[in-house]
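J.: Please construct the entire structure, taking both the sequences and the accompanying hints into account.
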Amino acid sequence: MIRVLVSEAPIDVGAEMAIAEAAGGTQGGAVATFTGLVRGDDGVTELTLEHYPGATERALEELCTKASRRWTLSGVTIIHRVGPMRPGERIVFVAACSAHRAAALDACAFLIDRLKTDAPFWKRERVGGSTRWVDARHADDTAAAKWRS
Amino acid sequence: MIRVLVSEAPIDVGAEMAIAEAAGGTQGGAVATFTGLVRGDDGVTELTLEHYPGATERALEELCTKASRRWTLSGVTIIHRVGPMRPGERIVFVAACSAHRAAALDACAFLIDRLKTDAPFWKRERVGGSTRWVDARHADDTAAAKWRS
Amino acid sequence: MRMVYFAWVRERVGVSEEDVLPPASVATIADLVDWLSGQSTAHAAAFAQRDRLRAARDQAFVSLDTPIDGAKEIALFPPVTGG
Amino acid sequence: MRMVYFAWVRERVGVSEEDVLPPASVATIADLVDWLSGQSTAHAAAFAQRDRLRAARDQAFVSLDTPIDGAKEIALFPPVTGG
Numbered sequence: 001m002i003r004v005l006v007s008e009a010p011i012d013v014g015a016e017m018a019i020a021e022a023a024g025g026t027q028g029g030a031v032a033t034f035t036g037l038v039r040g041d042d043g044v045t046e047l048t049l050e051h052y053p054g055a056t057e058r059a060l061e062e063l064c065t066k067a068s069r070r071w072t073l074s075g076v077t078i079i080h081r082v083g084p085m086r087p088g089e090r091i092v093f094v095a096a097c098s099a100h101r102a103a104a105l106d107a108c109a110f111l112i113d114r115l116k117t118d119a120p121f122w123k124r125e126r127v128g129g130s131t132r133w134v135d136a137r138h139a140d141d142t143a144a145a146k147w148r149s
Numbered sequence: 150m151i152r153v154l155v156s157e158a159p160i161d162v163g164a165e166m167a168i169a170e171a172a173g174g175t176q177g178g179a180v181a182t183f184t185g186l187v188r189g190d191d192g193v194t195e196l197t198l199e200h201y202p203g204a205t206e207r208a209l210e211e212l213c214t215k216a217s218r219r220w221t222l223s224g225v226t227i228i229h230r231v232g233p234m235r236p237g238e239r240i241v242f243v244a245a246c247s248a249h250r251a252a253a254l255d256a257c258a259f260l261i262d263r264l265k266t267d268a269p270f271w272k273r274e275r276v277g278g279s280t281r282w283v284d285a286r287h288a289d290d291t292a293a294a295k296w297r298s
Numbered sequence: 299m300r301m302v303y304f305a306w307v308r309e310r311v312g313v314s315e316e317d318v319l320p321p322a323s324v325a326t327i328a329d330l331v332d333w334l335s336g337q338s339t340a341h342a343a344a345f346a347q348r349d350r351l352r353a354a355r356d357q358a359f360v361s362l363d364t365p366i367d368g369a370k371e372i373a374l375f376p377p378v379t380g381g
Numbered sequence: 382m383r384m385v386y387f388a389w390v391r392e393r394v395g396v397s398e399e400d401v402l403p404p405a406s407v408a409t410i411a412d413l414v415d416w417l418s419g420q421s422t423a424h425a426a427a428f429a430q431r432d433r434l435r436a437a438r439d440q441a442f443v444s445l446d447t448p449i450d451g452a453k454e455i456a457l458f459p460p461v462t463g464g
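Chains as they are written, first to last, in the working numbering: chain A, 1 to 149; chain B, 150 to 298; chain C, 299 to 381; chain D, 382 to 464.
None of these hints come from the bench; they were simulated from the model. As the structure is a computational prediction, the values presented were derived from the model and not from experiment. Some clues are possibly wrong.
[To be verified] Result set (DSBU-like, lysine-lysine): computed pairs, CA atoms no more than 30 Å apart in a straight line: (1) B:Lys295 <-> A:Lys66; (2) C:Lys370 <-> A:Lys66; (3) A:Lys66 <-> A:Lys146.
T.: Right, dumping it as structure tokens:
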């Protein structure tokens, strides 16, 4: 099962885990997840995520399909929030479900590393009265590149 | 923050995520988790987890401390269920919270790999009318060994 | 052909999307960026740092040297920062 | 000294815990296993496969060649299978 959702609504991790586990069925004994939260360091008071509607969902589904080809997975989930959010709130939740824990853990790391470079999202931070676009990190390219083969 | 819980109660992943995230504060932008579920393959209808009260909690706390020394983590959680449970139910939930996703992902993999070999739990499966103790897997020793240094 | 812009590229161009009719000599997305840069100072400012510009052709990520080849929609934007 | 047993070791010994008073010649956990095996056929059966036996000394995992050294509690059990 591939589940992709891009939405302005807060991410309900408990509900998403239940969906991922149910899709895995009784064969899927391992679920690895990654959750990204808005960090409040450097005085950031708000983060706004812009995205490319249509292209975003397509990129995320493609990423899930790539993970499913690379590992034996019973379920792959990517939930990405867009719009304004505050420090401590969840930006992204990815889950990989498999019969084997190594596959679930590796697929989860792959999904979040590649999502950082392969999906059309842009972050804008508010600090005090002004806002600034977040620059892409070189470290993200390096992390994503380690999965290319 | 280190949180260790060994209990017969079902594991509430949504509640545990909220606790882990709150402990991480606004500096902890990344949470990686692993959830192990009872598999229903091979006709297993029930799994019972026996443990060594006192020694179990001590072993799990030690594992959390080791992870905290190895990576910069704002929170480490291990929740392990004991007693009887059914296919699809959660056996174990581990979470690692960090400012950096690589640390959270690696610590999470370390925790589950080492938990499989370093904590006193024993699984007994029910298949039809009889029960059998689950044998330790050589693959678990190999997975745990890769973290030794 | 529909152009769409995101993040600071959108802010600098001043619109989130626009319809354009480039001449036949505009073959690749890089050609299109050059041609648009000649149309207004806002476009020129938005596209000044070519190494910080990324593109999608009909909603799929492509490099700037990709031919336009009858595309319905070309998107221009900065390097992505999701997740 | 308190002995505690788990999983199929417990089932084969027939009790989950017992107090024992080994002679002074019993120095290590391996010595203790040998001595207990001579006390009853149930103990001998439980400890027959020495390579499948693991131990804890006062609730910390140790190898079988560890000295008992005044321990209050020794646990014997199969390789663990949690997680």
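J.: Now tell me, hint by hint, if it's right for this structure.
T.: Hints and how they fare:
Between Lys295 (chain B) and Lys66 (chain A), the direct Cα distance comes to roughly 27 Å. Compliance with the 30 Å bound is thereby established for this hinted pair. Only pairs whose Cα atoms come within 30 Å are accepted, and Lys370 (chain C) paired with Lys66 (chain A) is accepted, the gap being roughly 26 Å. For the hint linking Lys66 (chain A) to Lys146 (chain A), the alpha-carbon distance of about 15 Å falls within 30 Å, and the restraint holds.
The structure fails none of the hints (numbered hints given earlier).
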